[in-house]
Amino acid sequence: MIKTDAWLWKKHASPLLLERHEKTLVTPADDQVLIENRAIGLNPVDWKLMAGLSDAWQEDQIPGVDGMGVITAVGRNARHLRPGTRVMYHTDLRFDGSFARHTLVSAQAVIAIPDHISDLTAAALPCPGLTAWQAAQKIPLPAGENVLVSGAGGAAGTLLSQLLIESGANVYVTASATHHAKLLARGVIQAFDYHHTSWPQELKHALAGKSLYAAFDTVNQQNALSLAGLLGYYGHLVCIQDRLEHAPLPAFTTSISLHEVALAAIHPYGTQRQWSRLRQAGENMLQQIGRGELMMPPIESVSFDEIPQALERLKQNNNGIKYVAVL
316 MIKTDAWLWK KHASPLLLER HEKTLVTPAD DQVLIENRAI GLNPVDWKLM
366 AGLSDAWQED QIPGVDGMGV ITAVGRNARH LRPGTRVMYH TDLRFDGSFA
416 RHTLVSAQAV IAIPDHISDL TAAALPCPGL TAWQAAQKIP LPAGENVLVS
466 GAGGAAGTLL SQLLIESGAN VYVTASATHH AKLLARGVIQ AFDYHHTSWP
516 QELKHALAGK SLYAAFDTVN QQNALSLAGL LGYYGHLVCI QDRLEHAPLP
566 AFTTSISLHE VALAAIHPYG TQRQWSRLRQ AGENMLQQIG RGELMMPPIE
616 SVSFDEIPQA LERLKQNNNG IKYVAVL
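Under my numbering, the sequence shown is numbered contiguously, ending at residue 642.
Derived by calculation from the structure, the hints in this document are not laboratory data.
A hint or two may mislead.
The calculated lysine-lysine pairs, modelled on DSSO-like cross-linking and capped at a C-alpha distance of 30 Å, are [to be verified]:
| no. | residue 1 | residue 2 |
| --- | --- | --- |
| 1 | 363 | 338 |
| 2 | 338 | 318 |
| 3 | 630 | 338 |
| 4 | 525 | 497 |
| 5 | 325 | 363 |
| 6 | 497 | 519 |
| 7 | 363 | 326 |
| 8 | 453 | 525 |
| 9 | 453 | 497 |
| 10 | 318 | 363 |
| 11 | 453 | 363 |
| 12 | 630 | 453 |
| 13 | 363 | 497 |
| 14 | 630 | 497 |
| 15 | 326 | 338 |
| 16 | 519 | 453 |
| 17 | 326 | 630 |
| 18 | 630 | 325 |
Using the sequences plus the hints, can you model the full thing?
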């Protein structure tokens with residue numbers, strides 16, 4: 316067992332009501348590793364879990380889905396992983412997370428970090444990066460097709476836009492005007508300000524009579540519903556935030572396919588093959604970042620002490636900045 320310094324959830328929705336205490340962690344189980352954290356990535360899902368997104372949480376849960384650090388101990392079935400290795404990870408939301416000096420993580424969930432990738436970058440990547448990769452994998456043969464990323468100013472949307480461009484798709488996006496220049500510089504064909512109610516008409520004009528092959532929603536269920544009518548025959552609606560419980564269009568019309576993205580669900584339901592592909596995707600993205608082929612959103616470092624305040628800022632204004640707490 317090890318005692319660690321951690322931020323604990325006290326059944327309050329506000330990040331400002333997290334409490335810092337010492338907590339005892341058990342010895343790694345057979346398929347786990349213990350990580351001494353160096354940097355912790357903050358994500359919108361963190362405050363959403365505090366607000367009741369998960370029924371599995373109990374008082375004194377350690378929040379936090381993303382982190383990076385050094386392996387310090389390994390379970391019986393994880394001896395292929397060496398202590399001292401720098402790794403990034405995405406946690407199982409049902410258990411204690413990354414808002415601590417140490418975190419127990421499934422051995423399947425750790426991804427080795429190249430030496431030339433900084434701690435900040437590695438901690439900022441897992442949740443938005445792996446989610447973006449999973450979303451891009453939902454649509455077949457995207458090369459040459461017109462696609463829309465709704466809410467591309469956020470971390471996942473920014474990375475997803477780049478992955479789709481890399482795949483050969485013609486990428487259109489919605490985002491706040493402050494993000495347009497950087498998105499266009501990375502290869503987006505046209506960016507629309509979602510604050511303007513006329514943006515769907517502007518998109519249709521830009522498509523010049525063609526339709527969308529796929530639309531990716533990073534906002535919410537209501538926004539996803541509004542995108543369905545923009546898709547052409549056999550189009551794809553990919554829901555990254557929330558999901559659609561019912562078909563959004565009448566039967567025997569455009570016959571669109573609905574897709575749900577849920578990175579965290581790989582922990583209880585993913586196969587070894589799916590885990591292997593996810594880890595490989597993470598490794599590839601780290602290499603692309605190192606070569607300058609994949610650009611991360613702006614990263615702002617904060618101290619471990621400032622996690623509650625930084626998470627509250629993220630909750631009140633998700634402006635595309637990635638907060639990373641450094642230990």
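A quick look at each hint next to the structure:
Straight-line distance between C-alpha atoms of residue 363 and residue 338 comes to about 23 Å, which keeps the hinted pair within the 30 Å bound. Distance restraint check for residue 338 and residue 318: the Cα-Cα separation of roughly 6 Å lies within the 30 Å cut-off, and the hinted pair is therefore satisfied. Taking the CA atoms of residue 630 and residue 338, the gap is near 26 Å; set against the 30 Å cutoff, the hint holds. Straight-line distance between C-alpha atoms of residue 525 and residue 497 comes to about 26 Å, which keeps the hinted pair within the 30 Å bound.
Proximity of residue 325 to residue 363 is assessed by CA-CA distance (about 14 Å); at most 30 Å being required, the pair is judged to hold. This hinted pair checks out: residue 497 and residue 519 have alpha carbons roughly 23 Å apart, not beyond 30 Å. A hinted pair counts as satisfied when its Cα atoms are at most 30 Å apart, and residue 363 with residue 326 qualifies at roughly 12 Å. In summary, the hint linking residue 453 to residue 525 is supported, as the alpha carbons are separated by about 21 Å, within the 30 Å threshold.
Among the hinted pairs, residue 453 with residue 497 is consistent with the structure: their alpha-carbon atoms are about 25 Å apart, no more than 30 Å. The suggested pairing of residue 318 with residue 363 holds, with an alpha-carbon distance near 27 Å, which does not exceed 30 Å. The suggested pairing of residue 453 with residue 363 holds, with an alpha-carbon distance near 25 Å, which does not exceed 30 Å. Taken as a hint, the residue 630 and residue 453 pair is honoured in the structure, with Cα atoms around 28 Å apart against an allowance of 30 Å.
Simply put, residue 363 and residue 497 have alpha-carbon atoms about 28 Å apart, close enough for the 30 Å limit, and the pair holds. Of the pairs offered as hints, the one joining residue 630 and residue 497 holds, with about 23 Å between alpha carbons and a cut-off of 30 Å not exceeded. Restraint check for residue 326 and residue 338: the C-alpha separation of about 17 Å stays at or below 30 Å, so the hint holds. Straight-line distance between C-alpha atoms of residue 519 and residue 453 comes to about 24 Å, which keeps the hinted pair within the 30 Å bound.
Between the alpha carbons of residue 326 and residue 630 the distance comes to roughly 17 Å, so the proposed pair stays at or under 30 Å and holds. Among the hinted pairs, residue 630 with residue 325 is consistent with the structure: their alpha-carbon atoms are about 18 Å apart, no more than 30 Å.
In summary, this structure violates none of the numbered hints.
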